[in-house]
Structures are given as C-alpha cells and as structure tokens.
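Q: Protein chains in written order, with our numbering: chain A, 1 to 271; chain B, 1001 to 1321.
Fair warning: there could be bad hints in the mix.
Computed footprint of chain A on chain B; a stretch qualifies when at least three of its residues, placed anywhere within it, have a C-beta under 8 Å from a C-beta of chain A [as the list claims (entries may be wrong)]: (1) 1082-1090; (2) 1122-1134; (3) 1153-1159; (4) 1244-1257; (5) 1292-1300; (6) 1303-1309.
Derived pair list, reagent style SDA-like, types lysine to any residue, alpha-carbon separation capped at 20 Å [claimed, not checked]: (7) B/Lys-1283 / A/Tyr-132; (8) B/Lys-1283 / A/Val-124; (9) B/Lys-1140 / A/Ser-262; (10) B/Lys-1140 / A/Ser-6; (11) B/Lys-1283 / A/Phe-128; (12) B/Lys-1140 / A/Ala-249; (13) B/Lys-1140 / A/Val-261; (14) A/Lys-35 / A/Val-25; (15) B/Lys-1140 / A/Ile-10.
Think of the hints as simulated: they come from the structure by calculation, not from any bench.
Note that this is a predicted model, so its numbers are computed, not measured.
All C-beta atoms, glycine included, are put in the ideal place defined by N, C-alpha and C.
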Amino acid sequence: MRKRISIPGIVSAVILAAVAIAMIVGSFVTGAATKQSIMDALLTPGSSGHLLGTDALGRDIGLLAIAGAMSAVLGPVAIALGSMVLGIAFGGMAGYFGHGVDGFIGRIADLLFSLPVLLIAIVVAGIFDAGYWMTVLLLVVLFSPSDIRIIRSGVLEQVNLPYVEAAEMLSIPHWRILFFHVIPNVWNLILTNLLLNTSVALVTLSSLSYLGVGVRPGSADWGRQIADGRTIIFDNPAAVLVPSILIVAVAMSLNLMGDWVSSRNELRGIQ
Amino acid sequence: MSRRSGTQSLTRFLVIRLLSVVLILFLISFLTFSLMHLVPGDLVKNLIGNRPATPEAIAQIRAQYHLNEPFLSQYFSWLANALHGDFGTSIRLNEPVSTAISARLGMTAVLTILAFVFAVATAIPLGVLSAIHSNRPTDKFITAAGLFGLSAPSFAIGLALLMLFGYYIPIFPVYGIGSGGINTLYHLVLPSITLALGLAAYLIRITRAAMIRELASDYATFAFSRGLKPRKVYLIALRNASIPIVTSSALLLTYLVGGTILVETVFALPGLGLLMEEAVLFKDIPVVQGLTILIALVIGVVNIAVDLSYRFLDPRMRDSQ
Chain A
1 MRKRISIPGI VSAVILAAVA IAMIVGSFVT GAATKQSIMD ALLTPGSSGH
51 LLGTDALGRD IGLLAIAGAM SAVLGPVAIA LGSMVLGIAF GGMAGYFGHG
101 VDGFIGRIAD LLFSLPVLLI AIVVAGIFDA GYWMTVLLLV VLFSPSDIRI
151 IRSGVLEQVN LPYVEAAEML SIPHWRILFF HVIPNVWNLI LTNLLLNTSV
201 ALVTLSSLSY LGVGVRPGSA DWGRQIADGR TIIFDNPAAV LVPSILIVAV
251 AMSLNLMGDW VSSRNELRGI Q
Chain B
1001 MSRRSGTQSL TRFLVIRLLS VVLILFLISF LTFSLMHLVP GDLVKNLIGN
1051 RPATPEAIAQ IRAQYHLNEP FLSQYFSWLA NALHGDFGTS IRLNEPVSTA
1101 ISARLGMTAV LTILAFVFAV ATAIPLGVLS AIHSNRPTDK FITAAGLFGL
1151 SAPSFAIGLA LLMLFGYYIP IFPVYGIGSG GINTLYHLVL PSITLALGLA
1201 AYLIRITRAA MIRELASDYA TFAFSRGLKP RKVYLIALRN ASIPIVTSSA
1251 LLLTYLVGGT ILVETVFALP GLGLLMEEAV LFKDIPVVQG LTILIALVIG
1301 VVNIAVDLSY RFLDPRMRDS Q
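Just need the whole structure built from these sequences, with the hints factored in.
A: See below:
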C-alpha cells in the first residue's frame, strides 16, 4: 500500500518549483519585461532576441510571462492561506464548541457558501476600483465559507475521541486543546485544501485580471497578459497561449498535489 | 437527527425555505442599494454620468432617488420601485434598466441552457463510465480530462477555441450572434462549449464519486451476485446517485453566473454577462443593481427547486408526510 511517488506527482512538483523560481527571477526582470517599445512590436516567435516574439506594445512574451508569475501566483497563495486561517479559527470553534457557536457560524457559512464568488468579486472589486491586495482580501473572505465547513467537519470527527476527553480532564484550556491538540490532527485536510484552494484562486484571480479588475493596466500578470494578447491573437498566438498554458499547468499541478495529499491520507487511514 | 428534519411537513419546509430566501433577498437588496452610496465620487454626478449636468437633470435625479429624504426612506422607495421591476435608468445606455436587461435576457438564457445541456449530456455518462472502471486507464483518462476542465479558466479556453476554429479550422463562426434562429444557435456553439467545459468537469467529479459510493454499497453487491445484468445495476445505482448530483446543481449555478460574464466577454455576445461587465467597468450602478437582484432571485428560486427535487428523489423524505 505504500505507493508514495507517482509520475504526475513528480511532474507537478517540478512545475511548481519552476514557478517558484520564476517568481523570484521575475521580480528582478519586471522593469525590462514591462518596458514598451513600438519598434519591437508584434515580432513573431523565433525572432532574434525574442524567442516567443513580442506583443502589440513590443514587450517580450517570455519575459513578461516570467515577470507575471509573481502577480499571478502570490495572490492565490495569500488567498488560500488567509481563507484557511479563517477556516481554522471559525470552523475549529464551530466544530469544537458545537451548540450555539456551531449554529451561528454554520448558518452564516452556509449562507455565504452559496454565493457566486466570481460575480461578487467582479462587482465589488470593479465598482470600487480595488487594488491587487484589496481584491485578494475580498477573495479571502469569499473563499472562507468552504474552509470553515471543511475544518468544522474535520474537527467534529475529532472532538469525541478519547484524547480530547483526556485533555479536558487535565483541565487544559479549551482554546489550547482546539488549536494545539485537535487542529494538528486535521493537518492533512488543511494541506489538501490549501493546495486545491490555491488552484481555484489562481483561476479566479486571473479571470478578474483578464476582465481588468484588480490589476493595473500595463502590469505584468498572466490574466492581464492574455487580455492584452487577444487583439493580436492571429499575429502572435503565443501572446495568449503562453500565459494560458502557464495558468492551466500551475492550476493542474496544484490540483494533482492536493489529490495526492488527500489520497495519501486515505491510505494511512486504511492501514 | 436527519429523521427529525425529514419528517417535517412539506408545507412547513416550503414556508421556511421561502422565508429564508425572502430574507436573503431583502438583505442583498439593501447591500445593493448601499452600493450606490458607497461608490467613490459624488452620488448625483455618478448617476448623471455623461449626460449634461443641467439643474433640471440634477433635480430630476434627486427626485427620482428621493435624495432629499433620509437614507432608509430612500431605500424603501427604491425597493418599492424595484419590486415593480423599475431599477431606474442606465447611465451608460440611457434607457430603462428593465429594458436593457430584458433585451439581453434571451441570449444569456439560451447560452446557459445550451451549456447546461452539453455539460449534462457529456459529464454524467463520463462520470458513470469513470466510476465503473474506477482506478483503471479509462477512469484515469477521464479524471485527468476533468482536472483539466477544472484548472483551465474559461476565458483561456474560449480564446483557444476562437483561435482554433476562427483561423485554423474555420467551421464555426467566432464572433457575433448571427441572424437569428438556427444561425444564432450555430453562433452559440463555441461559447456554450466553453461554458460547458468547467460545468462538465465539476459534474464528472460529483457523478464519479456518487456512483463509486453507490456501487460499493450492499444492495449493488447483492444485485451483482444475484446475476442481474450489470447495466441494470448501474441504472439503479445512478438513480440513487442522482440525489447528490442534483443537490450539487445549486453550486453549478454559481459557477454559471461567473462563467457567463467571461464567456460573453470573450465572444462579444450581447447578453447579461457582458452587460454586467460593462456596467461594472463604467460604474453604471442602476444596471449593476438590477442585475444583482435578478441573479439573487434566480439563485434563490433554483435553490428552492433543488431542495424540492431532493425531497422527491429521495423516497424516505417523500413518504413522510
């Protein structure tokens, strides 16, 4: 039963590592990547000095994609982390204390869970001209109901186990039992959902930036790059294809890693 | 505990659901109304937009929105109008919001229904197939395809299809809505496939998981061992699996609402999604308000319908009246 390494798993890990490197490298080349020069506009892939060609503003497509990694990926990571913090805090309390606390938090989470996240993000961030981090914050709130529900159900499975009762017998404070005894036991659940949520957030945030919400015009970002590239889609398809493939590859890798973590968890449960 | 909630009468259940939907709509309408006051800039100026700000126009806006009255009474007169379908005048289009919405409603309705039909017609058979062959190559392939559908943003898929069918294999029209009737449907093929992809990916996952659970249950094992034709057992299992599938369709709706905006933007389709996107970017608040209320209403109605169908699909809940 110890099937720990799979080929898709290795490929995803390599892709994610490459993106992490691109994020670091990208922050050094942002200036060069976003520099516009009409003289170099619309070069086709394979042009000298521009392997993937340039867009309508003369920006190198490969360089712009590397520089865009930070904006495209950092936000989603922050969204997944932030919403998980809310999930652990509120979902943990709802699952651990039950009764009124659970009823209150659960009701609100259920209510927010059925909201169309993308639509609300477009309307609120768009109307208020929200910047990048305000949009991220908004998505943290909109993503949290699913984390609250998941952590709640994970904690519910734990609260009736003997170790919790034992800890209560020792009159360890409740908050300590919850956050230092129970939560570490749902760690796999947390990790799985962090990965899956980062993937969903990547698609959501890039959809927003494609529509021109949350990311300033001219800045390096995959969604934005696709939006800028759509007018030259037949002159240089790479302008759209390169960032699109990157989004899909990263989102799929995150999904695969998430599935891998959760299946490892299930295997351990069987043993 | 589930027995207890299962035995409450249908009327009581309906009344509670209806009341909660009304309450939520009330809350959303209040938030939507407040949007107008929260938008940066001067309220009257925002509502006048590009029209000349003559004293008459200003007076007309102030009268229409009752701006001289307290906030709450402004809200209630706005709500009273909204209940009659009057959301004011679009700033950008200079026509009543209700006219702007009803002119575009049909396009979006056809697009979403087509997408839904495509998604259901492909995803449920694929999900069942995946469950039957679980952990074998067929399943792995379908799961991978589903993973792609979940990971690919619909605007990227839309643009890729545009490129493929608009340039390399020009068999589908890529822009516009055609000349009505069959021609319009033909124009909507690519957009609805784009929209269907994400939907189908969700549906495959849900169908697969539900079918695997049903096929692993005692009644399925028993039916197989009695020598029932596998096809028959699959059909029985699918009927039971339909409960979680239908329940999840409320989630699919929230996906559709966002997806329509992206797909209509990519394919330049004059529907409600494009109207919403342009209204947001232009700060055309009355249109945003009207659309938000409409969407909230649709989501509320679909949620009630899903809850009802759940009760009818599950005999344990149906018989208990």
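Q: Determine for every hint whether it applies to the structure shown.
A: Do the hints match the structure? See the list:
1. 1082-1090: With 0 residues close enough to chain A, the hint is violated.
2. 1122-1134: violated (count 0)
3. 1153-1159: Three-residue rule met by the segment 1153-1159 of chain B, so holds; n is 5.
4. 1244-1257: Holds: 6 residues of the segment 1244-1257 of chain B have a Cβ under 8 Å from chain A.
5. 1292-1300: holds (count 3)
6. 1303-1309: Three-residue rule not met by the segment 1303-1309 of chain B, so violated; n is 1.
7. B/Lys-1283 / A/Tyr-132: At roughly 19 Å apart (the allowed maximum being 20 Å), A/Tyr-132 and B/Lys-1283 satisfy the hint.
8. B/Lys-1283 / A/Val-124: holds, 11 Å
9. B/Lys-1140 / A/Ser-262: Holds, at about 17 Å.
10. B/Lys-1140 / A/Ser-6: holds, 13 Å
11. B/Lys-1283 / A/Phe-128: Holds, at about 9 Å.
12. B/Lys-1140 / A/Ala-249: holds, 18 Å
13. B/Lys-1140 / A/Val-261: The hint holds at about 17 Å.
14. A/Lys-35 / A/Val-25: holds, 17 Å
15. B/Lys-1140 / A/Ile-10: Given pair B/Lys-1140, A/Ile-10 holds - Cα atoms ~17 Å apart, limit 20 Å.
When each numbered hint is compared with the structure, violations occur for hints 1, 2 and 6.
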